[in-house]
Structures are given as C-alpha cells and as structure tokens.
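**Q** The chain contents come next:
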Amino acid sequence: MNCQTFENIIDSLAREQLIETNARQEAQRHTEECPECAVRLADERSLTVGLQALAQDMQTVEAPARIQKELLAAFQQRQVVQLVPRARRWSYLGAAAAVLLMGFAIGIAAWNWNSNGVQRAEIPPPTPARSAETQSSGLPVTATDGGSKGKRETAPSALTSSAVTHRHSGTVRRRNAGQTTSVRAANNLDNSTANEVATDFMPIGYVNSQSLQDGGSVVRVELSRSTIVSMGFAVNMDRYGERVKADVLMGADGLARAIRFVQ
Amino acid sequence: METRKHLSDAELLQLMLTGDAEALANLYERRQRNIYRFALQMSGSTTIAEDITQEVFLVLIHDGANFDIARGSLNNFLLGVARNHVLRRLQRERFYAPMIETKEHGEHELLPRELTSPGGPLDDLARTETIESVRKAVLALPERYREVVVLCDLQEMSYAETAEILGCAVGTVRSRLHRARALLINKLRPAHEAEPAAADLNSTRCFA
Numbered sequence: 000m001n002c003q004t005f006e007n008i009i010d011s012l013a014r015e016q017l018i019e020t021n022a023r024q025e026a027q028r029h030t031e032e033c034p035e036c037a038v039r040l041a042d043e044r045s046l047t048v049g050l051q052a053l054a055q056d057m058q059t060v061e062a063p064a065r066i067q068k069e070l071l072a073a074f075q076q077r078q079v080v081q082l083v084p085r086a087r088r089w090s091y092l093g094a095a096a097a098v099l100l101m102g103f104a105i106g107i108a109a110w111n112w113n114s115n116g117v118q119r120a121e122i123p124p125p126t127p128a129r130s131a132e133t134q135s136s137g138l139p140v141t142a143t144d145g146g147s148k149g150k151r152e153t154a155p156s157a158l159t160s161s162a163v164t165h166r167h168s169g170t171v172r173r174r175n176a177g178q179t180t181s182v183r184a185a186n187n188l189d190n191s192t193a194n195e196v197a198t199d200f201m202p203i204g205y206v207n208s209q210s211l212q213d214g215g216s217v218v219r220v221e222l223s224r225s226t227i228v229s230m231g232f233a234v235n236m237d238r239y240g241e242r243v244k245a246d247v248l249m250g251a252d253g254l255a256r257a258i259r260f261v262q
Numbered sequence: 000m001e002t003r004k005h006l007s008d009a010e011l012l013q014l015m016l017t018g019d020a021e022a023l024a025n026l027y028e029r030r031q032r033n034i035y036r037f038a039l040q041m042s043g044s045t046t047i048a049e050d051i052t053q054e055v056f057l058v059l060i061h062d063g064a065n066f067d068i069a070r071g072s073l074n075n076f077l078l079g080v081a082r083n084h085v086l087r088r089l090q091r092e093r094f095y096a097p098m099i100e101t102k103e104h105g106e107h108e109l110l111p112r113e114l115t116s117p118g119g120p121l122d123d124l125a126r127t128e129t130i131e132s133v134r135k136a137v138l139a140l141p142e143r144y145r146e147v148v149v150l151c152d153l154q155e156m157s158y159a160e161t162a163e164i165l166g167c168a169v170g171t172v173r174s175r176l177h178r179a180r181a182l183l184i185n186k187l188r189p190a191h192e193a194e195p196a197a198a199d200l201n202s203t204r205c206f207a
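Line order of the protein sequences matches chains A and B.
Heads up, the first sequence stops at 262 in numbering that gives the first Met the number 0, and the numbers go up one at a time, no gaps.
Heads up, the second sequence stops at 207 in numbering that gives the first Met the number 0, and the numbers go up one at a time, no gaps.
With the rest of the complex left out, here is chain B:
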C-alpha cells in the first residue's frame, strides 16, 4: 500500500477497474473522509452519512468507467455524486426529518463572537455550545445555501471547485455563499439583538 501513495486518483481508479481490490481500498482511504463529512454536515445524520458514503463508492465500483478526468478531479466527481444522493435522500425523508430546535423569545443563543474572547474556566463549555449552535444553524439553512457553506467554509474548497461540484457558475457560488452567511448571522444573533429595543421605541414616543 505504501508504494501506491504516489499514484494519482485516476491511476488508482484504472487499477481498480482492472479488478485490483487494493486500489479500491487506497481510494477509499483517501476520499471517504471528505464524502462522509460532507454527507454528515448536509444531513446531520450519521446513518444517512454512512449510507451515502457506501452508495458513492458503490457507484464508483459499478460505473467508475464513466468517470472522465477531463471534466474534473475524482474527488469532485465523488462529492458531486454524494451531493446528488444526499439531496435525493433529504427530499425523500423530508417529512421524517427531526425538527431543528428554534430559539424562543428571550433565549440567548451563543454567538461565535464568544470564541474570540478567551479566558475563564467555562471556555471549553462555551466553545462546545457554540459549535453546536453553528451546526444547528447550518443544518437549518435551505439546502442550496447549506451546500455552499459546507463546501466553501467547512470543507475549505475554492469557489471554482465548489462550482464544479454543484454544476453551476462561480458567480452563483459567490452569491449563494454571501446570502447563506447573512442567514447564518441572523440565526446566530441573540434574540435581544435581533429585535428592536422596545424601551427605545417607548421613550421616543414619550418625548415626541
């Protein structure tokens, strides 16, 4: 396995198509994390993420010969397949998806800003809660916005790579990401900041 580390994904795929099981194992080792994480971040379910990972590699086993290197990297191809499977699965299970908890009036949601103010014994707890808040906020995004956040911000892919996976223009990725981030900020903002201060309004009226 060590000797194959220098081989590219495409070369490993060719070996796999000739019946080399070790090549499949190499490809799996290289790419399964990205696919599993993408599916998990998109769905929020480990069961779905496991299914999707398995299905993506089964597609590679059965239809790997259809992969065209000229159209992009194998990683992007696999993520594109994963994306199609995830969207199909989410659409099928829309009515069964667990409800995302929404913040109630007056409930303070942790801002990621708190990550930047270290100090104090509760830092780890705050960090964990913040990560959980961000995770929930990302999962609550509409799918078209969620996928660009997952690919660009969580998987740290470029706009061009994301556009290749989603099959859209780079400009579309940029605009969707901009909109998605604005939605995330709104979701993560504490309730008392999101609504206009009632006290200010009252005093304005009194003095008017």
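Next up, chain A with everything else stripped away, as it sits in the complex:
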C-alpha cells in the first residue's frame, strides 16, 4: 500500500468503519513503515474522539417545550380554519375581491379627479425650498422617497405614527419664466405611502425621551413572523410564511428603539 491508497481509506480507519480485513492489515503495515501516515492517522483518530465527545455532549440537548405547545396550537388553529365549508370560503373570497375592485375603482377615479383639478389651478410662485422642509407641526421632516426600499428618516420627537411626517417631492413645473406653476402631485404625497396604514410606534425594551435626543432614524424593513414573535408580539401563526412590513426606529447608537407595523 502506498500513501495515496492509505489516504483514500484513512477516514474509514479513523472512524472505525467496516473495511476489508486485508485493507486494514495493509494500512497497519503502512503506518509502521511511513511515519507521516502514522501521524496523519493519529490526528484523524484524535479528531474522531473530539467529535464523538462533542456529539455526546449534545446528546441531551433538545428543543424547549414551548415550541411543542405553539406547534400544537397552530395545528388546532389550522384545523378550525379547515372546518369552514368550502362554499362559504368561496363567498368570502368573492366578497373580498368585490371590495378590492371597488376600492381600486374609487382610487383611480380620485386620482384622475385630483390630477385634473390641480393642473387647472393657478397657484402662487413656489415658496422657498426651506419652507417646504417643515410642516405646520414644526417637526423636522427629512423623509426621503416613501416607496423605495432602505429609506431613512430622522427620529420623530414622539413615538406616535402621527409624529413621523413625510415630505415627498411632487413634480413642480414652471411656465412663463416662473409665473405659472402646475403641480402634478396633489397633496405632495406619494401614492404608495398615501395608501399605507401604520400602527403607533411600540417601544422595544426600555425607551425614554432622552435616549432619542441624539437623533436616530426610521428604517423600513420586512420582518418574518418568527422575528416578530421573538420581539414578544403575538402573530397569526397560520400565515407564518408571509413577511410583514414595519418601520423600525433606530437610536443614534444603532439599537432599535421602537417599531410600528405598516400595511
């Protein structure tokens, strides 16, 4: 046996697996003749011992009991959902589709009406850019494009959804050297954000107003339901696969201070 052949069976030798008697004897002879292969086999055997010790150490490890309870609860919940008659489920789906269509139609009509109405209106020359940076509430407003991912906003002064205000750059078009301006976007609100519904900010862990004085940012994220569960919120486990949009309020130290859910 040469070193290459020995290398081919060294795993089986070290892991005490079944191999042919002849091969085992030849390997034994080879280790007596070749000190490098003998050291190699000793290393492999030591590794096997270490791995066995690790496996033995984890022999008693098992998942916490609460997982079983949660799974059984999810299972029971699923059974209840399945008990709803199929015809009734279809009627629910039909109703939901009808509501969705009506909402869509109303939305389209409203958008058309707004855009036509505003384009006809003559408005005074635009106010200085600085004035657009603040709103009547006096809060600093620095939100960027509401529809894009990874947007950042400065921290609101209070943990409520109303405190986080958005500024969206409506397209401003000047006519006749700045005399006439038409505004395409009606309320300076992006459609995607205007349709969003958000909860109030809910604190994660201990939050006081001083911890937000150094500033911070609001980050839009998509969370799995398991993550939401780990934060201590109750979720519908029947829809565990879906992700949930949320705004996370980050402190200046990079730690999450509060969260709100967006739909």
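Honestly, the hints are just simulated from the structure, not real lab data.
Just to be clear, a hint being listed does not mean it is correct.
Unchecked claim - Cross-link-like lysine to aspartate or glutamate pairs, in silico, EDC-like; alpha carbons within 16 Å at most:
(1) K68/A / E49/B
(2) K186/B / E43/A
(3) K68/A / E21/B
(4) K68/A / D19/B
(5) K135/B / E6/A
(6) K68/A / E28/B
Starting from the known structure of chain A, arrange chain B on it as the hints suggest.
**A** Chain B only, in chain A's frame:
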C-alpha cells in the same frame, strides 16, 4: 400515546393529516431532537435552532401531504427541510453572525488528542475546553463541509443517508467529509505545530 409507539413515522403522518393532534405530538417527540441538534450544530445559535425546529414542523403541518415515502424516510425529509432553512437563515444573517475567535500566534489550542490521555485532576476541564474547541472549529468550517461533518460525525448518519438529505451523490459526501476533516485537523492543531520550526531553519542555514 404508548399504543402508538409501534407506528411508523409515515403512519403517524397520515394520522396527523387527518387532524390527529396526538400524532403530531408523537412525531415531534420522535424527531425534534435530531432537527434541533442539527440546526444548533450548523448555526451555533439556540435562537436559530428553535426557529428552525418550529419552521420545520410548520412545514410538516402545512405541506405534510406532499411527503413521498418512496423518496426517503420522514426523518431525512425533515432534516432536508431543516438544512434548507438553516442555509437560508445563515445566508440572511451572514453579516450579523458573531465572529468566531481565531487562535493568535503562539496561542495553544487544545488538541482532541488530549482526550485520549486520561489522568490528572484537570481532565474534566480539559475535556470541556476540547469540546468547545471542536465546536468552534466545526462552526468555522464552510457550510458545505460543516453539514457533512454534522450529519456523518455528529449525527452518526451513513454516507447514503447524508447524500439523501443533501441531495447529492455518495461520492460527493465522502470527498467533502475527507476535506472537512483535514480542515478541522488544521484548525485544531497547535500553532507551534502548524508553522515550521524557526530554529531548525536557522540552524540549517548556519551549517550550509
């Protein structure tokens, strides 16, 4: 529950699919350890391991009807699902994973060989440290090598079963395991053995 011990996994699954919650509890009792340990050994995080265990059984609850006994055992099916979830989770959290401590120059890392030399009051401590060293070394392996070590060496599964879970050939499992073990030996070797002895090199030069 006692009367159901003789039922196979597939039979329990059929009962579970008819709405039998006790069958799910039986299946969970039988298989959760393997899945939890696999996820824990792959990720090194109890939080991830708990999430993965829950997700695997939720998959079984929702899509258990898709399981085909002809394609392998339920245990291997569940471990395959766990493996996919773990890899996805590790990929997602790659940038947030805690750094594995690497040995510094001259720092002596405990060799598993020391397990074979019993005697002395510090045996338990040495054993604990050795287990910790091996655990860290396994976690530091690339995922494709780590999974074969976890399945073949830590879960003591055969090459064929491992190949079924990973969806690859038996030969691939063998070669990856061989490479993984070589990497582990290198990681666990003490620093002074891993590098060529400087003194020998100097003396060779002096006499040359």
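**Q** Hint by hint, which ones does the structure fall short of?
**A** Structure breaks hint 5 only.
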